[in-house]
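> Sequence lines, in order, name chains W and L.
If you read the first sequence in our numbering, its first letter stands for residue 1, the second for the next number, and so on.
If you read the second sequence in our numbering, its first letter stands for residue 1, the second for the next number, and so on.
These aren't lab readings, by the way, just hints derived from the structure by calculation.
Mixed in with the good hints there might be a few duds.
[To be verified] If you anchor each label on the Cβ, the simulated ranges turn out as follows:
hint, chain 1, residue 1, chain 2, residue 2, range
1, W, 28, L, 322, 19 to 29 angstroms
2, W, 28, L, 306, 15 to 25 angstroms
3, L, 422, W, 82, 43 to 53 angstroms
4, W, 28, L, 208, 54 to 64 angstroms
5, W, 57, L, 339, 36 to 46 angstroms
6, W, 27, L, 294, 32 to 42 angstroms
7, L, 422, W, 57, 41 to 51 angstroms
8, L, 322, W, 37, 39 to 49 angstroms
9, W, 48, L, 422, 47 to 57 angstroms
10, W, 42, L, 367, 41 to 51 angstroms
11, L, 363, W, 28, 16 to 26 angstroms
No residue lacks a Cβ here, since even glycine has one placed at the ideal position from N, Cα and C.
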Amino acid sequence: MNYYIVTSEVFDTLTKENIAFMHKSMDGTQRLIGTTDEVTDRVRKFQSITSCSNYTFTNHSDWTGDGAGIEEWVLEEIIYIPGIDD
Amino acid sequence: MATVIIRPDTGGASTGFDDDVTTQAGIDKISDNSDSTSITQVGVTAQFQVRMENSSDYSGATINSVQIFVRGVPGRAGSAAVEVKILDSSSNVLQTTDLSFEEGTETLNGVTLTSNLTPSVVDDMHLFVNPDTAGITIYDCWIVVDYTAAATPFISKISGIVIGSINRISSLGKGSMAKIIAVANYFDRSAVAKSISTGTSEAVYISDSNGSYRVDHNDAFSVSFWIKVGWNVSVNATCHMFSSADVGATGANADVFRVWYYEPHNRIYAEWRSGSSEKKHNFWFFHSNSSNNNNSSVAFAAAGLGTTFWNSSNRGNANSDGYTLITVTRGTTNSAASSNLNLYWNDATCGVGFYASGGGSGTPNMGNSTDKQIAIGSNSWTFADCGNNDETKYNGVTVWDKKLTSSEVTELYNSGTPMDVSTHSAYANCTGWWDFEDSDGKNKISGGPDFDNINGDSNIGPI
Chain W
1 MNYYIVTSEV FDTLTKENIA FMHKSMDGTQ RLIGTTDEVT DRVRKFQSIT SCSNYTFTNH
61 SDWTGDGAGI EEWVLEEIIY IPGIDD
Chain L
1 MATVIIRPDT GGASTGFDDD VTTQAGIDKI SDNSDSTSIT QVGVTAQFQV RMENSSDYSG
61 ATINSVQIFV RGVPGRAGSA AVEVKILDSS SNVLQTTDLS FEEGTETLNG VTLTSNLTPS
121 VVDDMHLFVN PDTAGITIYD CWIVVDYTAA ATPFISKISG IVIGSINRIS SLGKGSMAKI
181 IAVANYFDRS AVAKSISTGT SEAVYISDSN GSYRVDHNDA FSVSFWIKVG WNVSVNATCH
241 MFSSADVGAT GANADVFRVW YYEPHNRIYA EWRSGSSEKK HNFWFFHSNS SNNNNSSVAF
301 AAAGLGTTFW NSSNRGNANS DGYTLITVTR GTTNSAASSN LNLYWNDATC GVGFYASGGG
361 SGTPNMGNST DKQIAIGSNS WTFADCGNND ETKYNGVTVW DKKLTSSEVT ELYNSGTPMD
421 VSTHSAYANC TGWWDFEDSD GKNKISGGPD FDNINGDSNI GPI
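For reference, chain L alone in the conformation it holds in the complex (with noise of 0.2 angstroms):
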């Protein structure tokens, strides 16, 4: 609880004093909490009324109660009895007391008034004082409201709140806040859950592109996504983050293109293949920081893991969210080699390739005229390769029918914070990209296909 006192502010109706309180140099005489100021009754009848100031203190709050006050000394008589009224803006009387000065200078307050009042009452609130004939000097009078602040007070500036800070407010879970927030600012919140489990009916896939995305061994193309490592140090297997083949593809010879990790060598693989002897593949490891290899200094840098293996409880370099943005960009040779095909570790460069003239063997030739099953944290042909421990997150997936250069990358990256696409500025080569905002994977580029299914136990949800 807390009070505020509020004093006369404009003049009414006066008679009988020295001074007209309709003025204000009368008012200021008896609101200036001062005994060298003062009007004197000068009358036998003498009465005056005045509006009482307002306060944005007590602005929403609940008023408790209020309580008048006056100072005064009575005349010759040695005493005066003083009638006091509070009245509201329409003159009806709140309360009366009768106060009683005796001789010398006092302050008498009020009985305590505790009903029907509100901010809008107090605010237009008025005194009316009437003594009787023995005569009184008044120096002051006044009013102490007593009020409890409103418990949900507007807010007019937060500060120091990070993303994460408020899970919930009443009724409001953090999933709607984010989808208001990204209403007036775009704000990704939301990430696909890609289950442990295996197959079809646990996939996270588009099942036909129509007529999308049949990238050739020879277009450029890159492919870009956030993602929050769920594995941990046992899975000792192969985890497919991207993977694209044939429709109805039941092997990886199905015209593919694939970003995949192989956790016991620590190594993230880049390919594209249409035959076990026709495939363009390069790879990064993160744990030697040595000149040796191409220089895999540069890859562990850019990934920040040590010599530890990437997994849930060493992410490298990631976001607040635990997030890290992976990309791969490829131009239009048919080649693996570092001058056709990188990798980016968030905004950096992974460096050259284990292989700095590009792996594989033959000649892949894709061709466009398939549409393809696109498949996100499982292969795409078993959808198997998922990971284990926990599921493994991703979010704000693009693809890209050009070969992002590294500002681009950086430009995507955008300081670790899943970027407005739509604002990138080559966003008029992003041919698909998910944030996974809304409950379904839909494709934010206009006519590009949806991921469709979000199978088993694979879900949309908070990043």
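Excised from the complex, chain W in its bound form (with noise of 0.2 angstroms):
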């Protein structure tokens, strides 16, 4: 699995059936992501799951509200469901 920051804009042509995991930022305009495909046209590109969740903690009032980031569960569990959670 690759986890990528992408903007909203990137996000909207990706095959979505291969995007596993996808949390917006808090302020709407990028989307965090983890997918089979390989995305070129990214803001930022983590090289582990581990790395993915500790950026959120570091980064976190980009990512949650409640103070805190996205925990590996999150990203391993909460599957994308194309169509519902757009």
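Dock chain to chain to rebuild the complex, using the hints, since each chain is given by itself in its own frame.
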């Protein structure tokens, strides 16, 4: 699984069936995603699920409203449903 | 202020009149408020004494004054003087008045009496009438009682009052009133509020279940709780509602059973797991009124949230206090399929979860040899995922050693009022019940562990 931050515009162009995880940024301009695709037009790429999670804790105010980041189990477990979670 | 007229009721000593007021016939003539009946003085010496009736009107009231009235007409002399006395029950004279009747029928009144008056004095008041030798015919005599009704009259019936109508009576606060009422009739008016801060020092949890709730992966189990959501649309994170883990757990894989809400996707999850690859779970989402995804319209209807996600400004189907009963029921199969795992919003099933055959991976093997630490309003390892904005409140938390049926959930929902669970038909299977009606998280099931930690800004208070 590849973990990225992409803009919402880029997200709209991606193949949704290959996206396993999607979380909107607080301002709605970016998406943190887990996908089996390679995404070249990206804001940030993470080397692992752990580094991805750690990034959200460091920058939690951009990603959550409860003062914490996104835990690894959330990245693994909360599947994205195209058409429902957009 | 108000007034009431009291008239002669019982006769006393009487002499010198054509009718004896010791008889009812005589009393009637001077108490009927009519000029067509009367008693006439026939002797030089004449007098009578009567006991006045009483009235419930001034019961408990402050008596402001009493005033006597006599209506009569003098005899052939053309004028008559009448001495009138008001007496108490011991024949002590409270007031003496001399009335002077002139020619023709007239009504005269005495001076207003204002001292030493109470309802009991007025209840047993007597009137003494002593005319002079000139002669007089008396049509009626009466006393007007002026009173101020009691400020706190006895209340025999209250109607139209609903929960929340009364916040305070004098110095008696709502919480105290709820406890008084609860003595007579079970009335759950307190809840625990989980602070939005994280960590042990802010948690609401059972630190050690001490032999209880070592629920295995294939034990029938149900958990239910009333929740009043405090998070808002900006939480954009996970909010744990109920979470059980091994004592000393440091992560989500420590034999966890949990129910949580993921606000970004508007989903409630239920899960048990013993490892990152040994877990069973399912989830229900509430904003899609569609037959797709195993007919998500069922959960849509159950929650009543519409297309807006669950938050403190959109609580969906909730009772008048803003609480929703969330219930997860699980059977004895190690599977999160809809045949084994169900979610109820109030008394309504949320239907088939997203995974009709159950989600997760591997085969959880939780075992039942380890005591649990159980948290409300956070996860049970780091005590995080508590929401944002405002405290989320929980009430009527119950756990059961059976898979509650739909009808049993309906019974527990009790039309939206947290119930006395001891009266539930499946009470024998209720292994934990915390209603937070005391100042602590006491377990109402004898011998069961209490929520011994209600820490930091978390608190028990009115719902």
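> Which constraints among the numbered hints does this structure fail? Numbers only, ascending.
4, 11
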